[in-house]
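Q: From first to last, the protein sequence lines stand for chains A and B.
Position one of the first sequence corresponds to residue 1 (this note's numbering), numbered consecutively onward.
Position one of the second sequence corresponds to residue 1 (this note's numbering), numbered consecutively onward.
A portion of the hints provided could be inaccurate.
[Said to hold, decoys possible] For the chain B half of the interface with chain A, some residues (derived, Cβ under 10 Å), not all of them:
#1 V167
#2 F170
#3 R264
#4 A335
#5 V337
The set of hints was computed from the structure by calculation and includes no laboratory data.
The model shown is predicted, which means the values in this text are computed figures rather than measured ones.
From the three backbone atoms N, C-alpha and C, an ideal C-beta is built for every residue, glycine too.
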Amino acid sequence: MLTVALPKGRLTDDALTWLKRADWPLPQMDNDRRLVAPSQDGRLSYIMAKPMDVPVFVEQGAADLGIAGLDVLRERAADVYEPLRLPFGHCRLSVAAPANRPNRPLRLEINPRVATKYPRLTAEYFRKRGISAELIVLSGSVELGPLVNLADLIVDLVQTGATLRENGLVELRTILESQAVLIVNRASYRLHTREIDTLIASIRTILP
Amino acid sequence: MTTPSPFDSFPAKSPPAIPRGVSDFFGGAAVARREAEATLREMARRWGYVEVIPPTFEYAETLATEAGPQLAEELYRFLDRDGRALALRPDLTIPTARLAGSKLYDQPLPQRFFYAGPAFRYEEPRAGRQREFWQAGLELIGVAGPDADAEVLAFAARGLEALALPVIRFSLGHLGYFHGLVEHLGLTSVEIRVLQSALDRKSWDDLQAFADALDASGADREAVLGLLGLNGKQGEGVLARARKLARNQKMAEAVNQLDAVEKRLEHYGVKHFFVVDLADVRGMNYYTGITFKAYTDQMGFSIVNGGRYDNLVGHFGASRPAVGCAFYLDRILLARVRQSGPPPEPMPDILVHPCPCGGYVRLAEEARAAGRVAVIALGPEAPHDAPTTIRCSCEANPPTA
């Protein structure tokens, strides 16, 4: 039996909708608190994981397949196959600053304090540009950083930009365009090639 | 047991730390590690492979030159006292190739080498990927062709069987196919990296985007897009499809070689372990021909890597075709623990109680000579659950004073 890791939260509904359209056996979700749910026919088992953890479950082989945002996949630098991008969960990882920040290039910043939930991608982005940023790693409400003078900049996911605007922030740069991705454990793919290829193919045929 | 032991009070202070990415092995884990190594060493001996013991560190330039940019980045470098740059070996293939090319160049060919020992790479540690890791492997130097390839492949498969992994699957590729396509398309080094990355992640979308950006003709485009489909078991027509998509002699030749190797794997009776995957282009840049990786249950990383590297030995001296494989012992042992539980803790067979007449020494020595593990009960910390306890007869019939 193959195990699929699904992200709890923002991506759950879209993920289930697309899996249903692709005719995958769906998890029995009679109890919302259950973290492991078999499909009705017992062919698949589903793990409900925090989005940030899905790549880890799959890389480590605790799940054979998973659906993750490209943002967390890159943040976790997970060593997995990523056969398909899925047509939902579109957003971007962006650098944002208070709207009243003087209009000047980022590279002129000296030791900016950057609040983020994405320490790896943020550190890499600033390092590559020769900016020695001080990372303030938060696990939520990153937009708060500049408001309470905890940070000069933030790096966070932006979907519509509404949250940024409400908090007086403007987007400066895009670090990464993200969307949902189907990921596969490398060894699982070798050991269950046919089943996994069938599952992948069933999604590919319904993609727009 | 109420006797206070002097060890009970440890750790008195905070214990000394050890660096990230290295481990202590003790008890059953240490025994299992040495046993796995011994299993492969004995097997290699029977296949005619003689052990080489290269140094743990060498001049950094020796290890970095051919290793490819990624491996060079992961080298542990430090300075010798004369200021020259040294590095810990990132694998044992490069030192072995150096030995073969620069010292053993006039010795009879082929040369068959076995090695085992730790290697070092500076990478983010995770389960099965430590900075100090143990490898054991083979190098078969001085022969080209499918018989040599198949010998090493068969050893890899038999070796994993001998290490008692219940589920084994090999993917078998040929870098000549990829290199042939790269030559045919005249790709730049940036384009090669993009293509390699898309193939390595099996990302159809990125491959498609690459093909679109390339603006290639019909057959070229098909060859690029077809790469990710060149993947499957025997009888699934992978090689036939690969032959159809081949755009030049080099690609066609790679398919022919794979075909020849597969036939020989059948003779060894190990072919069922193998799937062909011509899109598997990850890995060390020194490979030139067949490449392969082995996988097992509950271990996301490959447990054996190998392939043909016809240019590496020549880099250090005499030019020699060569093929080899490396077993990642840490991953194999970790997979075995995940699959079937931790290895048994070593226990003595016999516990001998000391006696006033000293006869216990003879009893212990006799048991040891017979191949049993005999331990003399020296104090309260001695193991109590040894299967057999023996005592000298003098204790039952104490010598009269």
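Q: For a quick check of understanding: which of the numbered hints are violated here, in increasing order?
A: 3, 5
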